[in-house]
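Chemist: Spelled out, the chains give:
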Amino acid sequence: MSDNLLEIRNLDVRFKGARNVHAINDLSLELKHGETLALLGESGSGKSVTLKTLLRLLPEKRTDLGGSIDFDGTDIMTLSGKRLRSYRGGDVSMVFQDPGLALDPVYTIGQQIAETVMRHKGVSREDALDVALDMLHRVRIPSAERRMKNYPHELSGGMRQRVMIALALACRPRLLLADEPTTALDATVQIQILLLLRELQKEFGMGVIFVTHDIGVAVEISERIAVMYAGQIIEEGTTREVIRNPQHPYTQGLLAANLHDVARGTRLDAIPGSPPALETRPDACPFAPRCPLMVDACRQALPPVQRPGPRRRVACLRAGEAIPA
Amino acid sequence: MSVTDKPLLSVRDLKKHFPIKGGILGRTQAMVQAVDGVSFDVAPGETLGIVGESGCGKSTTAKLLIGLTDRDEGDIVLNDKTLGRDMNLRALRRDIQMVFQDSYASLNPRMTILDSVAFGARVQGLDDPLGRSRRLMDRVGLAADRFAHRYPHELSGGQRQRVNIARALAMSPKVVVLDEAVSALDKSVEAQVLNLLADLRAEFGLTYIFISHDLNVVRYISDRILVMYLGEVVEIAPVDLIWADQAHPYTRSLFSAMPSMDPDSRTEKPPLAGDPPNPIDPPSGCRFHTRCPLAAPVCKTRHPVLAPRVQGSAHWVACHLHDVSSGHPDAGKGLTA
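Those sequence lines, one after another, are chains A and B. Going by the numbering used here, the residue at position 262 of the first sequence is 262; the numbering climbs one at a time, nothing skipped. Count along the second sequence starting at 1, add 1000, and that's the number in the numbering used here.
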């Protein structure tokens, strides 16, 4: 067994239809056991598609997949039927952005968590309900016994997200996928959920991939950050490396646009333009049209992936150069 | 509460309670106290940032300001004219315009961009609405020659928000209310739009009321910050003062709930437990007492009044800790670090 929990190799995802979209282009990523990785990127960069591919949630008829995904020795791309069902929710589970939509409105939260446990662990209903109650305690839901009998609409947004996390962790998955789970929450509730996830990760030791567009959230939750743009990972490293020493011009621009400690009245270093539409597969650096460091070579071929350190990579010809003011 | 300038816009004791109807007869069963006694002044050319969590009444306040929602009580005074007495809604909307969060839902999908921008100016009977609109489109960075005849769905979110800004400016308003106007945009596009807003403010001498949940954005754009909690103003102060020292325990919690940007000093303990209470049945006394780490018995029973921290200060707060005569055991000591 290697120490990688997850290995994605050269993943391609293309949506077919009236309009083709090359959502993921040659994405490779490794995650070790118990590691927390933030996938950071703006809307349309392919973060959520990556997560959905990992759970094989994309509609098969309208999606072309390429490349391979290896989860702890299992090839995810070929899973089907019973094995796929036990993989989803058993080995890997997901927390969505909107817990109001992800929970079933006609079952109590106790029933929903217990059902998952019964299905995956094959235990009796009573045992499953015990597990559900234990999980509600672990996600610090006050008066959990009473809450077991509540329906999702009776809970506040923060409580629902705690239930979602309890549901996702009830079967002790080895990998937790979190798709912007705190974006819909208020600031004072968001930080509670982030800290809860951090504690539970330590307690359960699972790997976590946390999708977010918010750099601050990524800093709070992750050990490593992978920055996505146009369906590719353009920079990866430890959280400290990426935040303290961003090498890709896009990452540098994102950090500058975060407005942390920007004095009032100064002009913001905005990245001009907007992300590409991805109707064709990029054959040059997708960031080139917006890049302050662009040279001719950037428009002619895909940028080389530079590896300035172990598990550190930057897909840029001019990685690490300072952006002229 | 600006001492020197005469306010351009004054809001006094604004109230809006929404009825919740239910049962077979559709009777009113409860009231949501969305905005409950909000007062503030805005000086000409000033930008007032309004922050707070969902349900605190920031968006309702914005809608009351431009008359999109009828107020139950309170006065809106613009340039010494009181709405409903010296001025009708139409006159108010010439001077106050609004930009909404959802750039797509706030544009008519069957109107071209140019028609949308010119619509208000036409209704108000201003000169040359089309020419005016084309100039504004050019000004906000959408070349009129290329974009005038496009439809909203053909534009990106950032471009649509530029259209909404141009439309708001087409009436040459004095005040623009921006309700989460950049929140739906990606960070890189958000910075472009913030730069544009800052330029337009200088060029047209605009006054902004900038509503957002993002404290960093509010700090960047605002001169003063107003903090709301469950329909009430809990603190209002110039940006530098409030950034350096938050006087209300809620404001302090809100500020410390911001994610850290430093991987070496991450947040260790959440500043508050639980979710904000429901505005249908807000807590008695100080509405924050149910979550406040410094609450005393008096906070349950007595409602704190918004008052200057010290005599003559521009920093106003509604908390018994700052009121020597409140009966709070630590009254007058303020918040200790």
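A hint or two may mislead.
[What the hints assert, rightly or not] Partial list, computed: chain B residues near chain A (C-beta under 10 Å):
1. G1055
2. I1221
3. T1290
4. P1293
Think of the hints as simulated: they come from the structure by calculation, not from any bench. Even for Gly, the Cβ is constructed at its ideal location relative to N, Cα and C.
Chemist: All hints, please: hold or fail.
Modeler: Now the hints, each set against the structure:
no.: 1; hint: G1055; verdict: holds (8 Å)
no.: 2; hint: I1221; verdict: holds (8 Å)
no.: 3; hint: T1290; verdict: violated (13 Å)
no.: 4; hint: P1293; verdict: violated (12 Å)
Going down the numbered hints, you'll see the structure goes against 3 and 4, while the others check out.
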